[in-house]
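Read top to bottom, the protein sequences are chains A and B.
So for the first sequence, this note's numbering puts the first residue at 366; every next one is plus one.
So for the second sequence, this note's numbering puts the first residue at 264; every next one is plus one.
Warning: the hint list may mix true and false statements.
What the hints assert, rightly or not - DSS-like, lysine-lysine: derived pairs with alpha carbons at most 27 angstroms apart:
id, chain 1, residue 1, chain 2, residue 2
1, A, Lys493, B, Lys453
2, A, Lys493, A, Lys463
3, A, Lys493, A, Lys465
4, A, Lys463, A, Lys661
5, A, Lys599, A, Lys473
6, A, Lys493, B, Lys577
Stated by the list, open to error - Sample of chain B residues lacking proximity to chain A, with all beta carbon distances greater than 10 angstroms (derived):
id, residue
7, Asn291
8, Ile308
9, His662
Claimed, not checked - Negatives, chain B to chain A, calculated, CB over 12 angstroms:
id, residue
10, Tyr281
11, Asp330
12, Leu497
Hints were generated in silico from the structure; no laboratory data involved.
Built from N, CA and C at the ideal position, the CB exists for glycine as well.
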Amino acid sequence: MEDQDYSPKSRRRFLQKFGSLGLGTLAVSAGLSESCTNPTKDQESGKKITLLNSKNELVEVDSAYISNLNKNLAPNHNSESRKGLPGKKFVLIVDLAKCKNARKCMDKCQAVHQLRPDQHHLNVLLMKDSEHTAPYYMPKHCQHCDNPPCVKVCPVDATFKRSDGIVLIDNERCIGCRFCIAACPYSARSFNWFEPKDAEKYKDVAYDIEKNVPQKKGTVTKCTFSADCLRDGKLPYCVSACPNGVYYFGNEYEDAVTNGTSGETVSLSELLAQNSAYRLMEDLGTAPSVYYLPPKDRTLIPEIEDTHS
Amino acid sequence: MTDLYRKEIEIKKEQFQYLVSDLNSPLNRTGSSFKIWIGFLLLLIAMAGFMYVRQLQQGLGTTDMRDIASWGLYIADFVFLIAVSLVGSLITAILKLSNVKWATPLTRISEIIAVAALIAALLIIVVDMGRPDRLWHIFVHGRLQSPIVWDILVVNTYLVISILLLYIPLIPDLALLRKTMGHKPKWQQKMYKILSLGWQGTEEQFRIMNLSLTALMVIIIPVALSIHTVTSWLFASTLRPGWDSTIFGPYFVAGAFMVGAATVIVTMYVIMTNYNFKAYITDEHFDLMGKLLVLTSLVYLYFNLNEFMVPAYKMKSGESAHILGLLVGEYSVLFWSVQILGMILPILLLIIKPFRKPKPLMIISVVVVIGAFLKRFLIVTPTLLHPFLPVQNYPESYHHYNPTFSEIMITVGSFAGIMLIISLFIKLFPIIPVYETAHEKGFPNEIINNS
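This is chain A alone, in the form it adopts within the complex (with noise of 0.2 angstroms):
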C-alpha cells in the first residue's frame, strides 16, 4: 500500500479540504444562480445536506444547489492527464502460458481507441525463439519503459512519461515526423496514415489524451495502458477482455497485481520470481513496465495441435 498517514490531524486536514470543495461548489452554483440556471425558492428540493466549510463550520445546504462534484473535478483535463496518477507505478504481467491467441484483448484495443485493422496498439505476434522450440502467443503492447526511447527523440515534447510509468502521446502537439516509432525497438507505435477509421462521426468528441482518441489524420498513435479505465480505478480495455486469463495488471508500489479474468490480486514480486518472468530485450537498457512470464505450457498452439490432427 501507499504510504499514507492516517493520523487524526491528516483526517483533519483532509476534511478541510473537503469543505473547501463543497464551499467551492457552492460557490459555483451561487454563480450559476445569477444567469440562468436559478433555483428559486420554489424550487428548493427540502432536502437539506451537511457540508462542512473553509472555516471548520458544519453548514446545512438545500440539495437544489448542490451540483455534481465529481463533474465539476473532472480530472480529464488534457494538462491534468500529463502528470500521472499519484502514488502509482502500473506494471502489466502477461502470462505467455496461458494465452491461447483468443485475441479479444486486440479486438477490444481496436474498438476503443478507434483504430483501422491494420493499426496495432497491441499486436499478438506468433513467437518462435529457435528452430527446434515450441512457438507461442505473445501479446506485445507499448511497453510502458522507463527509459523510453521514444519519448527522447521526440522533438515537441508531443510523446511524454508520466509519474505513473505510462508513457503517453499528445496528438494534437504531434508533427507527425515519425521519430518515435523509428526510435521504438518494440514496433509498437502506429500513425493515422489515412483519415481515421469513423472521422466524420468523432469530429465533434473533444480529444481525450488519455484514450488517445478521436485519433487524428497525421499523427502517431500508441497503447495508452488505458489510462482512462485506471483514472476511474478500473483495470484497462484489453485485460479485461482476456477469456483465458492472461493478463495481470496493478501498482508496483502497492506489490499487488490483479488478474484482469478471475479478479485474482496476487503479489506482484511473488508472481514474477516464481515464474521466472522476464522483459523483452532487457539488454537494451528500456526497462520495460511490462513483464513476461515465460510461456512454459506450449500445447495450446494452433500448429502444434494441427499436426496432431
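Dock chain B against the given chain A, drawing on the hints supplied.
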C-alpha cells in the same frame, strides 16, 4: 616609357573588359532552349506540388510508407541533399584555406549547389511531416533532447553561412554588373544596385571582405561537419540494427564529400559546355576534381568496409537479418550495384588519367550521384523493414517498401527545384567569379574598379 605604360594599361583594360563580358555572357543570352528548360523544370515542380496537395488532403498514405517502413524516399532524399550541400564547405572553405588556387572558378558553382540543396532539404523534410501545419510547434515546444532539434539548428546555421559565402564574394561582381548591365530591366538593375551595397573597391572594403570571408570559412567547417554528423544521428541515436552504429557520423560525412565532389563535376561540365567556358573550367580542373573524387571515394570505401564487414563477420542476432538482406537478400542487387558501380568502379577508373577527361569523368560522376542517392535509400529502408520483433498481423504490403508515383514525383520535384535555382542564378549572376578570376589573372584593382 610613359606611352608604353599607358598603352599597356589600355591593353589590360581591354583584356579586362573582354573577360567581364565573357564571364557575364550567360546573363545576356536567353535563347529558346533556356526557356524550354525552365518550362520543363516548372512543369516538374508543378506536378510535385499537385502530388503534395493531394498528400495533404489524403494523408501520408499516398506514399508507400506504413507502420513498419515509416520513413522512406523523403528521408533518403533529405539525407542525400544534406550530403550534397556539404560540397560548398569542401570547395570554398577547405580548399581555399589550404591555399588551393585552382578551385577559384568552382567556388560559386559549389556554393550555389549547397544553398539550393539546403533549401530543397528543408522543404522535403516538411513534406515528410504528417502535420506540416504544426511546424511552429518546434519553436514553441522544442526540446533540446531531440536530435531533430539539433538538426534544425545546425542546418539553418549552415544555410545562413552558405548564403553569406555565396553573397560576399559576389559583391565586387555585383558592382561590375551595376555598371555593365544598363540594358537590363529596371528591377534587375535595381537589384544589382541594392545588393552591391555601394561597393567601390576601396582598400578598406577589400580588407573587410577578406576578413569576413576568412572568418566564415573557418566557422563553416565545423558547422558543415556537424550538419551531416547530426543528420546521421537521426539514425544512430536509435537502437535499431543497421543504424545503431558508432561510425555513422564520419561515415556520412565521407559519403557526403564524395557525392558533393561528383555533383560539382556534373554541374561544371554542364556549365562549361553550355556557356563555352573552356577557358576558365579547363581539362586541368576536371583532372584535379577527378583526383579529389578518388580521394573522397577511397575514404568512403574505408568507412563502408567498417560499416558492413565487421557486423557481417560477427552475424550477431538482430544485425544478421539486416546484413543478410543487404548482402544476399532482398536488397542485394541494389546494394552491390551501388557499392560496385557507385564507388569501387569509379575509384578504379578514375585512377587512370584518360578517365579524368571532362566527358568520361562527367559520366562516371553521374553514376556516383545516382549511386549515392540509392545508398541513402539503402540506409533508411532495409533497417526499418527488419525490426527486432516479427512483423505480423499486417497486410502483406507492409513487409516491403516501394515508393509510390506520388512520392517519386515529389522527390523529382526537389531535384527540379535545385536545378531551377541554379539555372536562374546563372542567368542573373556570373557563375564564375569575375573579380576573383581577374585578380588571379593579375589585373590590378585600379583597372577592375575603373572600367
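Evaluated hints:
The suggested pairing of Lys493 of chain A with Lys453 of chain B is violated, with an alpha-carbon distance near 73 angstroms, which exceeds 27 angstroms. Under the criterion of a C-alpha separation no larger than 27 angstroms, the hint pairing Lys493 of chain A with Lys463 of chain A is consistent with the structure, at around 16 angstroms. Restraint check for Lys493 of chain A and Lys465 of chain A: satisfied, since their Cα atoms lie roughly 15 angstroms apart, inside the 27 angstroms limit. Restraint check for Lys463 of chain A and Lys661 of chain A: satisfied, since their Cα atoms lie roughly 9 angstroms apart, inside the 27 angstroms limit.
Using a Cα cut-off of 27 angstroms, the hinted pair Lys599 of chain A and Lys473 of chain A holds, with the two alpha carbons roughly 15 angstroms apart. Pair hint Lys493 of chain A plus Lys577 of chain B holds up; C-alpha atoms about 22 angstroms apart against a cutoff of 27 angstroms. Listed as outside the interface, Asn291 of chain B is consistent with that label: its C-beta sits roughly 46 angstroms from the nearest C-beta of chain A, beyond the 10 angstroms cut-off. The claim that Ile308 of chain B lies off the interface holds: its Cβ sits roughly 23 angstroms from the closest Cβ of chain A, which is beyond the 10 angstroms cut-off.
Interface exclusion of His662 of chain B from chain A stands, the closest Cβ pair being 12 angstroms apart, more than 10 angstroms. Here Tyr281 of chain B stays apart from chain A, with its beta-carbon at least about 54 angstroms from theirs, past the 12 angstroms limit. With a minimum CB-CB distance of about 5 angstroms to chain A, Asp330 of chain B fails to clear the 12 angstroms threshold, and the non-interface call is violated. With a minimum CB-CB distance of about 7 angstroms to chain A, Leu497 of chain B fails to clear the 12 angstroms threshold, and the non-interface call is violated.
Hint compliance for this structure: hints 1, 11 and 12 are broken, all remaining hints hold.
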